[in-house]
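Visitor: One line per chain: the protein sequences are A and B, in this order. All residue numbers for the first sequence refer to this note's numbering, where the first residue is 8 and numbers rise by one. All residue numbers for the second sequence refer to this note's numbering, where the first residue is 7 and numbers rise by one.
Simulated from the structure, these hints should not be mistaken for laboratory data. These figures come from a predicted structure and were not determined experimentally. No false leads were slipped in.
Derived CB-CB ranges, DEER-like:
#1 A:A53 <-> B:P388: 34 to 42 Å
#2 A:G126 <-> B:A150: 29 to 37 Å
#3 A:V68 <-> B:K175: 49 to 57 Å
#4 B:D235 <-> A:R265: 51 to 59 Å
Only some residues are given here: those of chain A computed to face chain B with a beta carbon under 8 Å:
#5 L25
#6 Y41
#7 P113
#8 D131
#9 T134
#10 G219
#11 G220
#12 P221
#13 G222
#14 H223
#15 A224
#16 T234
#17 L238
#18 F240
#19 D241
Every residue gets a Cβ at the ideal spot worked out from N, C-alpha and C, and that includes glycine.
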Amino acid sequence: MIVPLAMTLYFSSVRYNLMQPGEHAFVGLENFEYFVTDPGFGPAVANTLLLLGSVIAATVVLGIGLALLVHEPFPGRGIVRVLLISPFFVMPTVNALLWKHMMMNPIYGVLAQLWRFFGATPVDWLTEHPLFSVIVMISWQWLPFACLIFITSLQSLDREQLEAARMDGANALQRCWYLVLPHLARPVAVVVMIEMIFLMSVFAEIYTTTGGGPGHASTNVAFLIYTQALLSFDVGVASAGALFAVLLANVAAVFLIRLIGKNLDR
Amino acid sequence: MKQLNLCLALAVAAAATTTSAGAATELVVATVNNGHMIEMQKLSRHFEQAHPDIKLKWVTLEEGVLRQRVTTDIATKGGQFDIMTIGMYETPIWGKKGWLKELKPDASYDLDDLLPAIRAGLSVDGKLYAAPFYGESSMTMYRADLVKKAGATMPEQPSWEQLRDIAAKVHDPKAGVYGMCLRGKPGWGDNMAFLSTMVNTFGGQWFDMQWKPQLTSKPWKDAVGFYVDVLKKYGPPGASANSFNENLALFNEGKCGMWIDATIAASFVSDAKQSKVADKVAFAQAPTAVTPKGANWLWAWALAIPASSQKAEAAQKFIHWATSKDYVKLVGKEVGWANVPTGTRKSTYAMPEFQQAAKFAQAELKAISTANPTDSTLPKSPYVGVQFAAIPEFQAIGVAVGQQMSAALSGRVSVDQALTASQTAAEREMRRAGYYK
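Work out the full structure: start from the sequences and follow the hints.
Guide: So, in structure tokens, the structure goes:
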């Protein structure tokens, strides 16, 4: 832990481009300056936050909805649950390729054919709505995770209490609002925290589908660092970027721990 | 008794193979997953049979990944690879830095048989640092049937205006045919390779003699404006995500009227096993605008030995074998004459079997021999390279500009905005590298 961190700190303060080795002059904060003034920096930070927020919102809302739907017993519930959970076991790269070619391709994708069936012009998803497309892919992948946690936690819901509420004349909506949702507060906090940690570093989906573009429309911080380190071979700036990401993660973590810590105390 | 003999023979044979395997030199070869390299991998059993003391271990990667791996390896002196596949961009930079071993093949290799343009691009001060495995330029590939049906004719060396007219006539999205397929995916080796040649022929350049980026100059505006316009009107949807492989798939499916890309594609699109339109495709030179200079690019994938390799002698032997005349003949005999690696040797084009099998041979040879990496722009340029500038900073600049160009293509920003942003990015990188204050 200490060694890589120290190395990163050192690299971030020297001029170190792999294509020109030999001279590692100390440059102070220049690398940070170059990272922060990169034209892709602003969009990347905004995209990272937008991506985090949308995916978390989508998975929590849809996850609760789906969990409530499959909570009550019905024929074939086991199969439905397995199907629901399976996208989580698809590898991120495969997930991206699946969406890029089978679903979103404007010439032969399923969505394009659907659009054409209804006489509309197919949408060129990855060009016109790159960030939205990435959000869809990642939500699809993480929805099962949220759903699984909510299903599990619904099973610990006190049935007698629900029954009592019904006897007292509370309708379905009121039972949901006053009993089920408060019961789900903790699992929601857990889902938010775990997703936040993992989604900060989303990379494979962006790399495989849009390559961060067009322009910087779907570049996030992780992808920006990749561009700096492996396409420009600039270790110095990439290290500065990595340190920035550590900072970002810590700020987010402090917020989260406050939020969730409070929530778990109750 | 007979059986005992057989047993003994088998045992001896087994012992022999194990000992020879134990003593064998193992060469780690890093290469790119293009068709010709996969073929080399399959045929390398002939080499191993002829040299039982050398064993080959292959690391086959996708182009971008390969570039990252070999660059990281050679720059940090990692020594993972004994032979690496590198291109015309890396060779002069790395050769000058002394990261590569000079290649000194014997007389039987016939150095003078190599095409001069290719040989020059892989040498520093007349010393060869990488041996060309296959070479390529770019040219126009088109559907002769569609062009004829539209009542147009394709000149041998068309101009961009002429191509636009033909594209307009051929374009028929209802029938699933798009007039013009071009690269749009961001990357210095993707859309920028193609766009640089377009800018060259429109009379532009990357840097002037003071190393100032020229991205907001008129030729750039003309070229990029033309490119965006043509692709928007006559290109396939999703063009900003297409590069070589995507366009190849579209063309082979019969969805492109015209496609301007690497000459190496010619053997794929005219191969009936892969292409639905193999018998309908024809070839012309890459289009020109203001000047024919730099209208078509020059590239070679070549094999080189990193200076850190301990097994240079064995590596030389393998490179010698894989880039020799005999190898070309071997591929011709084993796989078919249309599939031999081209663009490296004069003798390949002189072989009657090849001439017969490859109808693109003459167009390809002409394209390669007209490209000149040291003189590819109308105004004088300080850099070497047709579709790139062979300086270490170029990758970063090419990537940044490529992103902007794909944004312009998708209509997210205007051409002018994209070029201004590109200019800023390029100036930043050049200032940082210390070319000027």
